[in-house]
Amino acid sequence: GEDVEQSLFLSVREGDSSVINCTYTDSSSTYLYWYKQEPGAGLQLLTYIFSNMDMKQDQRLTVLLNKKDKHLSLRIADTQTGDSAIYFCAETPSGGYQKVTFGTGTKLQVIP
Amino acid sequence: NAGVTQTPKFQVLKTGQSMTLQCAQDMNHNSMYWYRQDPGMGLRLIYYSASEGTTDKGEVPNGYNVSRLNKREFSLRLESAAPSQTSVYFCASTGRGATDTQYFGPGTRLTVL
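If you read the sequences in order, they're chains Z and V. Numbers given in the numbering used here equal positions in the first sequence, counted from 1, plus 5. Numbers given in the numbering used here equal positions in the second sequence, counted from 1, plus 9.
Calculated cross-link-like contacts (lysine-lysine; reagent style DSSO-like; alpha-carbon spacing at most 27 Å):
(1) V:LYS18 with Z:LYS104
(2) V:LYS18 with Z:LYS112
(3) V:LYS80 with Z:LYS104
(4) Z:LYS61 with Z:LYS41
So, partial list: chain V residues that the calculated Cβ filter (under 8 Å) puts toward chain Z:
(5) GLY49
(6) MET50
(7) GLY51
(8) LEU54
(9) TYR57
(10) THR110
(11) GLN111
(12) PHE113
(13) PRO115
No wet-lab data here; the hints were simulated from the structure. The C-beta atom is built at its ideal place from N, Cα and C for all residues, glycine as well.
Next up, chain Z with everything else stripped away, as it sits in the complex (with noise of 0.2 Å):
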């Protein structure tokens, strides 16, 4: 089945940039989501990129694919204490009303 990977944890410190991995073995993959998840809260949904687009930016967020590779970065420009959190990639090949795979999250820890 689908398998979606992401290391489990990564520490920076404020005002640095954070880059956030995920690897994921779909290849029909067409949706590729990044959520965010607070202490004791839900996941909302940061940003969302497809299969057909490189790279897209959202403020301080850039998102990267490498389709070749199937690799899917999330970058974190000024990385602020306000983003600590787990940070959860998903695919699906379909849209987000069919089934979603989801990594097991990275949690970021920003040192003041």
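Based on these hints, arrange chain V on the given structure of chain Z.
Same frame as chain Z, now just chain V:
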């Protein structure tokens, strides 16, 4: 709009007890999902309902049952709780558009002793 709501927020059960987790959404979404979240394992799909009147098994359905009561509500039942079911449970819903994403409830933290 309240979005996706879940009750209860916290629950402690003894092994063998039963309970139902409730979920409701007010966004007129067709599809609804139940996930469990365990440390280091991300989110795993338990059951989902692509539309009112249909339910399908996900990755980890054993020990659970679901009911899609109407378009708004999707409940998850544990008939005989086991310690392995200690987890945080999330309900989610999504619309029909290709770009629609999943909206998550706040979660239910369940402990089975």
